[in-house]
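So the sequence lines, in the order shown, correspond to chains A and B.
Quick note: the first sequence, position 245, residue 765 per the numbering used here, numbers continuous.
Quick note: the second sequence, position 149, residue 669 per the numbering used here, numbers continuous.
These are computed hints drawn from the structure, not numbers from a lab.
Warning: the hint list may mix true and false statements.
Note: identical chains are not told apart, hence a pair may lie in one copy or across any two.
Said to hold, decoys possible - Think about it this way: if two alpha-carbon atoms lie no more than 27 Å apart in a straight line, the pair counts; the simulated DSS-like pairs of lysine-lysine are:
#: 1; residue 1: K632; residue 2: K572
#: 2; residue 1: K749; residue 2: K632
#: 3; residue 1: K632; residue 2: K815
#: 4; residue 1: K584; residue 2: K523
#: 5; residue 1: K745; residue 2: K523
#: 6; residue 1: K653; residue 2: K745
#: 7; residue 1: K632; residue 2: K593
Number of protein chains: 2
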Amino acid sequence: MNKIFIHEVGMRDGLQVEQQIVPTQTKINWIKELMETGVDIIQVGSFVHPVKVPTMADTDELFKYFSKPENKKSNTILAGLVLNEKGLERGMEAGVEMFCMGVSASETHSKKNTGMTTDEALERIIPMAKNAKAAGKEVQVSVQSAFGCSFEGEIPRERVFNIVEKYLQNGILNISLADTAGHANPIQVEDIIASIYSMNPDAKLSCHFHDTYGLGIANCFMAFKHGVKYFESAFAGLGGCPFTAKASGNVCTEDLVNMFNRFDLRKDIDLKKIVGIAKKAEALFGRELPGKILKVGLLEY
Amino acid sequence: MNKIFIHEVGMRDGLQVEQQIVPTQTKINWIKELMETGVDIIQVGSFVHPVKVPTMADTDELFKYFSKPENKKSNTILAGLVLNEKGLERGMEAGVEMFCMGVSASETHSKKNTGMTTDEALERIIPMAKNAKAAGKEVQVSVQSAFGCSFEGEIPRERVFNIVEKYLQNGILNISLADTAGHANPIQVEDIIASIYSMNPDAKLSCHFHDTYGLGIANCFMAFKHGVKYFESAFAGLGGCPFTAKASGNVCTEDLVNMFNRFDLRKDIDLKKIVGIAKKAEALFGRELPGKILKVGLLEY
Numbered sequence: 521m522n523k524i525f526i527h528e529v530g531m532r533d534g535l536q537v538e539q540q541i542v543p544t545q546t547k548i549n550w551i552k553e554l555m556e557t558g559v560d561i562i563q564v565g566s567f568v569h570p571v572k573v574p575t576m577a578d579t580d581e582l583f584k585y586f587s588k589p590e591n592k593k594s595n596t597i598l599a600g601l602v603l604n605e606k607g608l609e610r611g612m613e614a615g616v617e618m619f620c621m622g623v624s625a626s627e628t629h630s631k632k633n634t635g636m637t638t639d640e641a642l643e644r645i646i647p648m649a650k651n652a653k654a655a656g657k658e659v660q661v662s663v664q665s666a667f668g669c670s671f672e673g674e675i676p677r678e679r680v681f682n683i684v685e686k687y688l689q690n691g692i693l694n695i696s697l698a699d700t701a702g703h704a705n706p707i708q709v710e711d712i713i714a715s716i717y718s719m720n721p722d723a724k725l726s727c728h729f730h731d732t733y734g735l736g737i738a739n740c741f742m743a744f745k746h747g748v749k750y751f752e753s754a755f756a757g758l759g760g761c762p763f764t765a766k767a768s769g770n771v772c773t774e775d776l777v778n779m780f781n782r783f784d785l786r787k788d789i790d791l792k793k794i795v796g797i798a799k800k801a802e803a804l805f806g807r808e809l810p811g812k813i814l815k816v817g818l819l820e821y
Numbered sequence: 521m522n523k524i525f526i527h528e529v530g531m532r533d534g535l536q537v538e539q540q541i542v543p544t545q546t547k548i549n550w551i552k553e554l555m556e557t558g559v560d561i562i563q564v565g566s567f568v569h570p571v572k573v574p575t576m577a578d579t580d581e582l583f584k585y586f587s588k589p590e591n592k593k594s595n596t597i598l599a600g601l602v603l604n605e606k607g608l609e610r611g612m613e614a615g616v617e618m619f620c621m622g623v624s625a626s627e628t629h630s631k632k633n634t635g636m637t638t639d640e641a642l643e644r645i646i647p648m649a650k651n652a653k654a655a656g657k658e659v660q661v662s663v664q665s666a667f668g669c670s671f672e673g674e675i676p677r678e679r680v681f682n683i684v685e686k687y688l689q690n691g692i693l694n695i696s697l698a699d700t701a702g703h704a705n706p707i708q709v710e711d712i713i714a715s716i717y718s719m720n721p722d723a724k725l726s727c728h729f730h731d732t733y734g735l736g737i738a739n740c741f742m743a744f745k746h747g748v749k750y751f752e753s754a755f756a757g758l759g760g761c762p763f764t765a766k767a768s769g770n771v772c773t774e775d776l777v778n779m780f781n782r783f784d785l786r787k788d789i790d791l792k793k794i795v796g797i798a799k800k801a802e803a804l805f806g807r808e809l810p811g812k813i814l815k816v817g818l819l820e821y
């Protein structure tokens, strides 16, 4: 089996939904520790309006800090999420290494999030992605609500394939399928992943599942079985709404890596260190977070 | 796809490890409500020494209660776990409809649990199973620690296959593979299930996973994909040690059935009612239990 890659999204998808703002210095410490764990990509933050999303207000500052060689000693790729041209501009200036951007396969979700239809959003995102690539940056485009939508329910697979096709036609192979609402199920994952690889076997697919209904790891496993190599997950399983707390977060990084460890994959990742960061997050937020290994310890043999 | 069957083990595997003893009348109420949900088998309790396991002291009484036709209005099968001949005798007298019994694939686990080696335990269990069958009872035999052991770590698959073979040779096809420690991973599940079906395609396999490391549902899914039709799970995800609480329970019934619902299977089971019982268990034990749907509500569309 080939190597798989862990894209740690806790600092962005995890922290952004928290009520409590994590101090910039704490974020710096956690990012440094995450770099030491051996995860491949760390999503540092998103370039959104600081008034609208105060938890992400220090994203520029964080990237600028890690742009200094003395502050970044590893090869970990630091990624940033951008929603529009303004964000892209800020990200370029701040030193983002990998840009993440995307559109939603759900019209309702797209409209609510961006004020645009999916097609309108695509017309805006594709040139942004091309510009970032032309500037020598890594770029990952996403299909949000790819497996279902909390507003619309079922999302016809053709909507997902149409977006993926447009990305591929524009030479953007690095595509993330995001299960924003956590509706994905493993049979659907098999179907969608296999169909996309049959469209283009060179697609570099990433999966981003939420564990809302407890199917996150099963979905990752089926994606893995069908050839997906990139997985987005959050330490401690962060990312749920703090009020329904334990259930709706991202797939938990340390639990996911523990599964891959059982297949003799990614034993180089320091799970103890990830659990250490997860425990600091629990202490800071003052509540139990959903990760399993966080509670029962590592399975080592 | 064929029908799958839910064997609800919360009343036994869930309640037995709790510090708090659930009053018999509460157990009766919960069992009645579980019968109304449409699950296929309910494991009511185990016939162990009442002093050793006080949470199970009323098992005889519960079976006697439900043996009266006026107290049992559904076709749900009521199962009881027996560990030895004395337990079998008690179960026969109390009116058990389906007997569950088994041996551990781990020598250390077997010795600690029964004082016998795996082979010695098998020599005792097989005649018990035959006697119960001869008495017209349904019988399910199990392989405990089939996927790993918290004392021994890895359990060679041959140890599992040897036990299964002995069961099959003795005409006992109804075999449960129990992941007592929660060490199973989906690739291992594929391997073991496929191997057993190649030994005997008529084996009537049941899977009993614990969610210690978050792989419970992924394991169920792979077992399902490879033809397993019987699943043992506990409402609310009960079954963890109350001290490491949320992580180590059984696979959660309502979360598992929710997954099957996504495949249009078992939509006849009343998930709202199961969640209702799960909420009563949370109230009684005064702590949050691990089930996901319990927190976020049903996914309906």
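Practice item. Would you list, in rising numerical order, the hints stated earlier that this structure does not obey? Key: Hint check: 2, 4, 6, 7 fail, others pass.
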